[in-house]
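Put together the whole structure using the sequences plus the hints.
2 protein chains.
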Amino acid sequence: MRILLSSVGRRGYLVKYFKEALDPGDEVWGADSNKHAPAFQYCDNRALMPKVTEPHYIDQLIRLCQKNRIDMVVPLIDPELEVLAARHQQFDDLGIMAVVSPPQTVQITYDKYLTYQFGKENDIPVPETVTTIPPAKKLLAEGRLSWPLVVKPRNGSASADITYCKNEKQLQYAFENCPNPMIQKYLPGQEYGYDIFSDKNYRPISVFCKLKLAMRAGETDQAVSTDNPRLIKLGLEIAQKIRLFGPMDVDVIMDNGVPKLLEMNPRFGGGYPCSHFAGAKFPAKLISLCKNETLTPDINSCRAGIYMLKQDEIITPCQKSLDAIQNWR
Amino acid sequence: MRILLSSVGRRGYLVKYFKEALDPGDEVWGADSNKHAPAFQYCDNRALMPKVTEPHYIDQLIRLCQKNRIDMVVPLIDPELEVLAARHQQFDDLGIMAVVSPPQTVQITYDKYLTYQFGKENDIPVPETVTTIPPAKKLLAEGRLSWPLVVKPRNGSASADITYCKNEKQLQYAFENCPNPMIQKYLPGQEYGYDIFSDKNYRPISVFCKLKLAMRAGETDQAVSTDNPRLIKLGLEIAQKIRLFGPMDVDVIMDNGVPKLLEMNPRFGGGYPCSHFAGAKFPAKLISLCKNETLTPDINSCRAGIYMLKQDEIITPCQKSLDAIQNWR
Chain A
2 MRILLSSVGR RGYLVKYFKE ALDPGDEVWG ADSNKHAPAF QYCDNRALMP
52 KVTEPHYIDQ LIRLCQKNRI DMVVPLIDPE LEVLAARHQQ FDDLGIMAVV
102 SPPQTVQITY DKYLTYQFGK ENDIPVPETV TTIPPAKKLL AEGRLSWPLV
152 VKPRNGSASA DITYCKNEKQ LQYAFENCPN PMIQKYLPGQ EYGYDIFSDK
202 NYRPISVFCK LKLAMRAGET DQAVSTDNPR LIKLGLEIAQ KIRLFGPMDV
252 DVIMDNGVPK LLEMNPRFGG GYPCSHFAGA KFPAKLISLC KNETLTPDIN
302 SCRAGIYMLK QDEIITPCQK SLDAIQNWR
Chain B
2 MRILLSSVGR RGYLVKYFKE ALDPGDEVWG ADSNKHAPAF QYCDNRALMP
52 KVTEPHYIDQ LIRLCQKNRI DMVVPLIDPE LEVLAARHQQ FDDLGIMAVV
102 SPPQTVQITY DKYLTYQFGK ENDIPVPETV TTIPPAKKLL AEGRLSWPLV
152 VKPRNGSASA DITYCKNEKQ LQYAFENCPN PMIQKYLPGQ EYGYDIFSDK
202 NYRPISVFCK LKLAMRAGET DQAVSTDNPR LIKLGLEIAQ KIRLFGPMDV
252 DVIMDNGVPK LLEMNPRFGG GYPCSHFAGA KFPAKLISLC KNETLTPDIN
302 SCRAGIYMLK QDEIITPCQK SLDAIQNWR
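Just so you know, the sequences run in chain order A and B. FYI, in our numbering the residues of the first sequence are 2 to 330. FYI, in our numbering the residues of the second sequence are 2 to 330.
No wet-lab data here; the hints were simulated from the structure. Heads up, some of the hints might be wrong.
Since the list can't tell identical chains apart, any single copy or any two copies may satisfy a pair.
DSS-like, lysine-lysine: derived pairs with alpha carbons at most 27 Å apart [to be verified]:
no. : residue 1 : residue 2
1   : K321      : K20
2   : K170      : K138
3   : K138      : K121
4   : K36       : K213
As structure tokens, then:
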């Protein structure tokens with residue numbers, strides 16, 4: 002079996018997890034648009050790709066997969082999900098398993114206001130959210146919102162362009178200077194992250210959950226797993242209500258004991274290693290699905306108290322090994 | 002010999018570098034206020050400390066060193082430098098080598114406007130910088146500044162609270178909402194980082210330099226070393242003009258072929274591993290100084306073309322190992 006992790010970037014640990022789940026002779030390939038992607042150093046083979054946003058990206062990805070008999074493609078960054086979801090059928094037709102959810106799911110999760118609406122429509126608690134200033138003022142007047150308010154881009158990532166506004170002047174400015182903004186209730190509670198997994202029929206298989214202990218560059222840097230039944234129950238509800246295939250990372254924040262949905266990313270999240278150590282084994286599950294095996298759900302199997310801490314691993318590739326990374330066209 | 006890396010945090014690689022330079026039987030200890038500091042897992046011994054900002058921090062650090070016969074303390078974060086520099090004599094008197102520069106150096110480097118003034122006074126090129134809006138407007142009118150302008154805290158870190166302002170309204174707002182702000186000319190050029198080293202007599206020993214290829218959370222994430230003579234010359238000039246003991250990380254940015262000084266941090270910087278691979282060996286140099294050996298300067302020894310890429314190393318300590326971290330008082 003050959004697995005391609007695309008936009009592999011810094012995810013050396015995922016390359017390792019897939020290798021551990023594979024049989025001898027199987028291979029993990031990496032693709033990225035940056036030849037300095039550190040995870041390249043762990044891959045059995047590497048392909049330097051155009052940027053995901055280039056018009057012919059998916060055509061080139063398909064050619065790469067076909068020519069090298071790739072069995073499974075696992076996209077690892079958000080911008081790739083949309084284009085891959087739209088062309089999903091082509092991968093299916095070629096017998097390549099593209100680990101991506103349906104376009105509608107990708108759309109809901111890519112836009113945090115659509116995520117909010119998804120929550121509203123499905124009885125999943127969400128923090129009050131609006132997309133313009135007048136309704137925010139109305140909710141403030143009614144006491145349903147209070148300062149500070151959070152202004153963030155509907156499709157932001159890595160915690161970029163998030164502003165905590167203490168008054169109307171700050172709100173006005175932040176709103177004007179934020180790309181595609183929305184205004185959300187600020188919740189000061191503890192933040193939890195899920196790693197959820199569903200099979201090809203969108204059937205929930207796994208719900209793992211962790212308390213975030215520290216964030217860095219918008220990513221979970223330190224976490225400890227939890228088996229809190231209320232959280233696992235909510236995670237299962239989310240999984241049941243969204244058409245998901247493969248892994249999804251979901252963030253919730255505690256509001257007076259009620260976990261509220263903040264955002265969803267239908268791919269491996271940055272905090273996945275915590276769930277992996279708590280027993281999630283998503284790479285092995287994807288390999289099983291690729292072999293057309295049926296998975297047994299393991300909801301409620303998340304072990305509590307497993308710590309994950311990240312630190313810098315330093316890699317120093319030689320020029321020759323960087324030059325050897327094949328420019329794919 | 003026993004070396005204590007204080008505020009050791011995520012610096013597992015530094016623990017390794019010191020261990021490699023030490024003799025068998027020597028020890029690297031770690032101190033941090035967070036028992037989840039991932040680098041603890043690499044240390045021979047660990048001490049959970051109060052926060053650096055606590056009033057009795059240095060007293061406790063001294064007791065920790067005395068009781069455990071620590072020979073050298075290496076502080077790794079900026080807030081620790083000031084308090085350690087002020088009490089430097091106490092460490093000297095106890096025969097403990099505290100790797101910290103004189104208070105005046107710490108003050109100049111902690112405040113980016115003082116860094117600018119240091120550059121001005123010492124013929125080191127710096128980007129035009131002011132601390133209030135009227136002189137910025139004057140320089141704009143004279144054509145010595147142009148949009149965008151950068152507003153940043155004089156003593157910020159991790160790239161926090163930096164705003165790029167395209168017009169007067171944005172400048173006004175950013176200035177009002179930035180803690181202890183200054184206004185700086187925006188330079189779009191390539192950024193380089195130095196790792197400089199001086200001995201106890203403030204004599205320059207090493208000047209290593211790298212091109213920054215990528216930043217993350219305000220830290221050098223990817224870099225490649227350079228032996229560019231102009232850059233090495235400027236690094237040596239900086240080293241000659243500041244009273245430095247031990248390592249210092251310095252950032253410059255290219256402005257039409259002229260490297261201009263942005264900031265200095267008289268401690269191991271986040272991009273140090275690149276210089277280490279290029280031959281810097283600062284841990285071995287500190288160990289030599291601790292043994293009262295004289296160092297031979299190795300200026301112009303920086304090997305070019307050495308890459309450093311960081312990625313996440315995942316650590317999963319068990320609860321028992323976390324509980325075993327000694328709370329020091």
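Self-check item: Identical-chain pair category, K138 with K121, by Cα at 27 Å
Solution: Classified as within; 20 Å inside a copy, 49 Å across copies.
Quiz prompt | Same-copy or cross-copy closeness of K170 to K138 [CA-CA at most 27 Å] | solution = Classified as both: same-chain Cα gap 12 Å, cross-chain 23 Å, threshold 27 Å.
Quiz item: Between K321 and K20, at a C-alpha cutoff of 27 Å, which is it: within one copy, between copies, both, or neither?
Solution: Classified as within; 24 Å inside a copy, 29 Å across copies.
Exercise. Have a look at K36 and K213 and pick one of within, between, both or neither, based on CA distance no larger than 27 Å.
Key: Between. Shortest inter-copy distance 15 Å satisfies the 27 Å Cα cut-off; intra-copy 31 Å does not.
When the structure is compared with the earlier hints, no violation turns up for any of them.
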